[in-house]
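A.B. asks: Line order of the protein sequences matches chains A and B.
My numbering puts the first residue of the first sequence at 12, with every later residue one more than the last.
My numbering puts the first residue of the second sequence at 16, with every later residue one more than the last.
These aren't lab readings, by the way, just hints derived from the structure by calculation.
A few of these clues could be false.
To be verified - With a cut-off of at most 25 Å between alpha-carbon atoms, the simulated DSS-like pairs for lysine-lysine come out as follows:
| # | chain 1 | residue 1 | chain 2 | residue 2 |
| --- | --- | --- | --- | --- |
| 1 | B | K110 | B | K144 |
| 2 | A | K34 | B | K184 |
| 3 | B | K30 | B | K86 |
| 4 | B | K144 | B | K223 |
| 5 | A | K34 | A | K308 |
| 6 | A | K134 | B | K86 |
| 7 | B | K107 | B | K86 |
| 8 | B | K183 | B | K30 |
| 9 | B | K107 | A | K134 |
| 10 | A | K342 | B | K183 |
| 11 | B | K144 | B | K86 |
| 12 | B | K183 | A | K348 |
| 13 | B | K183 | B | K223 |
| 14 | B | K107 | B | K144 |
| 15 | A | K342 | A | K34 |
| 16 | A | K342 | B | K223 |
| 17 | B | K59 | A | K34 |
| 18 | A | K134 | B | K110 |
| 19 | A | K53 | A | K342 |
| 20 | B | K86 | B | K59 |
| 21 | B | K59 | B | K30 |
| 22 | B | K59 | B | K107 |
| 23 | B | K86 | B | K110 |
| 24 | A | K348 | B | K184 |
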Amino acid sequence: MVSGVFHTSYESDMALRRTPAQKIRIALFILFILVFPFFANKYTLTLANQIAIATIGAIGLNILTGYTGQISLGQGGFMAVGAYTAGLLTVRLGMPWWLSIIIASLVTAVVGAIFGIPSLRLKGLYLAIATLAAQEIILWTVTHWKGLTGGVEALVVPDPRLFGLRLNADFNFYWLAWALAGITALVTLNLFRTHYGRAFIAIRDQDIAAEVMGVNLFRYKLLAFAISSFFVGVSGALLAHYRSIVTWERFTLDVSVLYLAMIIIGGMGSVSGSLFGASFMTLLPAFLTNMGRALRKVFPAINAIMPFIQEATFGLVIILFLILEPEGLKKLWEDIKDYFRLWPFSY
Amino acid sequence: MLRGFRHPLNSSRLKPGETQLQVQNVHLSFGGVAALTGVTLEVKQSEIFAIIGPNGAGKTSLLNSISGLYKPQSGHIIFHDGRGSHELIGMKPHKIARLGIARSFQNIELFRHMTVLDNLLAGCHVHMKSNLLSAMIYWGPAQREQIAFREFVEDIIDLLEIESIRNKKVGTLAYGLQKRVELGRALAMKPAILLLDEPMAGMNSEEKEDMARFILDVNEEHGVTIVLIEHDMGVVMDISDRVAVLNFGQKIAEGTPDEIRKNPLVVQAYLGEEQAVFPFAAGAAGGRHA
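Given these sequences and hints, build the entire structure.
C.D. replies: This is the structure we're talking about:
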């Protein structure tokens with residue numbers, strides 16, 4: 012009789028999925044992702060694509076804020092760098108979409124590292140203000156450097172094509188976005204089981220001890236900014252090619268705060284938490300909009316204040332979440348798993 | 016030797032007895048407050064060197080100067096690693112760590128949200144070489160490296176008898192165990208010299224005994240040099256080879272535990288008057304394994 016899971020090699024003990032149950036769960040999840048688009052309509056496909064893009068961005072922010080402990084309000088700005096670089100490279104230089112995504116991500120990584128320099132001296136809220144400056148500087152540049160970006164006017168990006176397929180069609184884009192989200196998740200998980208990831212977490216938990224252990228704070232903080240911004244750049248570049256239009260309004264401070272909310276609600280310092288948070292923050296507004304539409308038919312009187320009710324509900328749900336489960340959806344998911352793992356002997 | 020260790024903990028190339036660390040006339044002050052005034056001492060390979068003194072004597076300041084967290088205004092701190100001599104003053108802490116100078120802290124400074132295993136592996140940081148790309152791909156060189164270090168870390172887990180908690184988050188552990196894990200994390204650096212800042216503070220006598228045993232194991236079986244700050248005189252007198260006494264930032268005595276016990280300056284520093292009976296003078300006579 013099997014009484015538990017016993018590992019007989021360090022390799023299996025250090026695997027990402029250590030138990031059969033974990034392996035089955037991840038296999039089911041991947042199967043769901045693969046099958047989903049064949050049963051989804053255009054609306055749900057759009058939502059799924061948004062979730063994939065948001066997941067990549069949230070993982071990026073989580074690397075910096077959740078794992079390394081460097082609060083960033085510059086997320087929107089970094090996404091703008093990714094989106095505009097990808098868009099401009101395609102429009103101005105006629106670069107193929109895939110190359111523009113790679114180069115845009117690298118450019119964002121460099122920009123992120125540059126704006127990460129204050130983190131060597133600043134911590135916590137002070138760093139948040141410094142990254143807020145990054146956000147404002149980037150957006151100001153985008154809206155005022157008319158010769159390069161077109162200023163406040165929208166930048167129209169040609170359709171990305173692969174063997175004649177229009178890649179920004181929802182069904183086609185789904186595969187690109189989720190493949191990249193999967194790669195991002197895997198790369199991040201791998202990173203955090205090597206000394207790079209441990210150094211990042213060490214900086215978050217005890218930076219002085221980390222330094223005395225031989226972690227070069229300068230190098231690793233900038234590296235955290237660079238890796239984080241790289242993924243944020245990927246998500247920005249994807250957004251540019253998906254929407255075929257790049258405008259500065261998509262990258263305001265609201266976006267930075269939205270992404271922070273994503274990782275807080277999903278779970279700080281967790282890849283699965285990033286996915287949960289991105290899904291939650293994408294689906295909740297959509298759900299509220301649909302509810303609003305349904306209610307409007309029943310109560311035509313509240314038509315005018317419907318948007319306010321939606322906003323308020325959105326805020327309320329977030330506040331309730333923070334009070335009831337401060338460690339986020341990831342913790343909730345772990346509790347559920349624990350319940351079934353221990354059932355019926357929960358002591 | 017009770018256990019077979021496959022991996023050496025000690026990275027020093029010096030022979031026992033050779034001078035390893037020289038602190039020469041170090042002055043350190045914060046604003047107008049002098050923390051260290053002209054401290055000079057010498058630590059030899061494979062000895063247990065204790066630094067004692069009343070609160071505020073500058074013991075931790077001295078350790079922080081050695082590990083690069085404080086920058087003394089004058090003097091020299093020279094570390095010999097068998098390949099050359101290194102001036103530590105002005106060197107960045109992470110560079111000093113790379114020379115093989117490991118330490119623990121007075122107030123536990125573990126990475127609270129990591130497991131014990133990850134804390135120990137984090138201690139191996141300076142020895143891990145795989146580059147960013149192979150770390151992101153993981154399968155291949157990075158995995159081989161991680162597994163090799165996991166084996167090494169298991170040796171430390173074995174040595175410190177923390178097998179049962181290896182997958183626990185450090186923040187959830189009892190105080191005494193956290194102190195033990197912190198010792199383990201420092202050992203994971205394969206130290207040439209190990210600086211321990213009050214490894215037994217706040218422990219009960221059984222935990223102190225365990226900790227003393229681990230320190231002796233590390234010193235005797237692996238030959239790691241140990242610089243120890245401790246307030247428990249019984250332990251200090253039992254396990255140290257030599258003791259230095261600091262008072263108000265100055266070294267007032269240095270010698271074997273027996274010499275220190277009888278030194279009138281030390282008695283005065285601790286009790287404030289010469290006639291008083293030194294508390295541990297009546298105890299068992301020195302000897303490391305009393």
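A.B. asks: Each hint needs a verdict: does it hold in this structure or not?
C.D. replies: We went through each hint and held it up to the structure:
{"no.": "1", "hint": "K110/B / K144/B", "verdict": "15 Å, holds"}
{"no.": "2", "hint": "K34/A / K184/B", "verdict": "23 Å, holds"}
{"no.": "3", "hint": "K30/B / K86/B", "verdict": "29 Å, violated"}
{"no.": "4", "hint": "K144/B / K223/B", "verdict": "36 Å, violated"}
{"no.": "5", "hint": "K34/A / K308/A", "verdict": "46 Å, violated"}
{"no.": "6", "hint": "K134/A / K86/B", "verdict": "22 Å, holds"}
{"no.": "7", "hint": "K107/B / K86/B", "verdict": "10 Å, holds"}
{"no.": "8", "hint": "K183/B / K30/B", "verdict": "38 Å, violated"}
{"no.": "9", "hint": "K107/B / K134/A", "verdict": "20 Å, holds"}
{"no.": "10", "hint": "K342/A / K183/B", "verdict": "17 Å, holds"}
{"no.": "11", "hint": "K144/B / K86/B", "verdict": "29 Å, violated"}
{"no.": "12", "hint": "K183/B / K348/A", "verdict": "18 Å, holds"}
{"no.": "13", "hint": "K183/B / K223/B", "verdict": "22 Å, holds"}
{"no.": "14", "hint": "K107/B / K144/B", "verdict": "20 Å, holds"}
{"no.": "15", "hint": "K342/A / K34/A", "verdict": "19 Å, holds"}
{"no.": "16", "hint": "K342/A / K223/B", "verdict": "37 Å, violated"}
{"no.": "17", "hint": "K59/B / K34/A", "verdict": "53 Å, violated"}
{"no.": "18", "hint": "K134/A / K110/B", "verdict": "23 Å, holds"}
{"no.": "19", "hint": "K53/A / K342/A", "verdict": "32 Å, violated"}
{"no.": "20", "hint": "K86/B / K59/B", "verdict": "23 Å, holds"}
{"no.": "21", "hint": "K59/B / K30/B", "verdict": "9 Å, holds"}
{"no.": "22", "hint": "K59/B / K107/B", "verdict": "23 Å, holds"}
{"no.": "23", "hint": "K86/B / K110/B", "verdict": "14 Å, holds"}
{"no.": "24", "hint": "K348/A / K184/B", "verdict": "19 Å, holds"}
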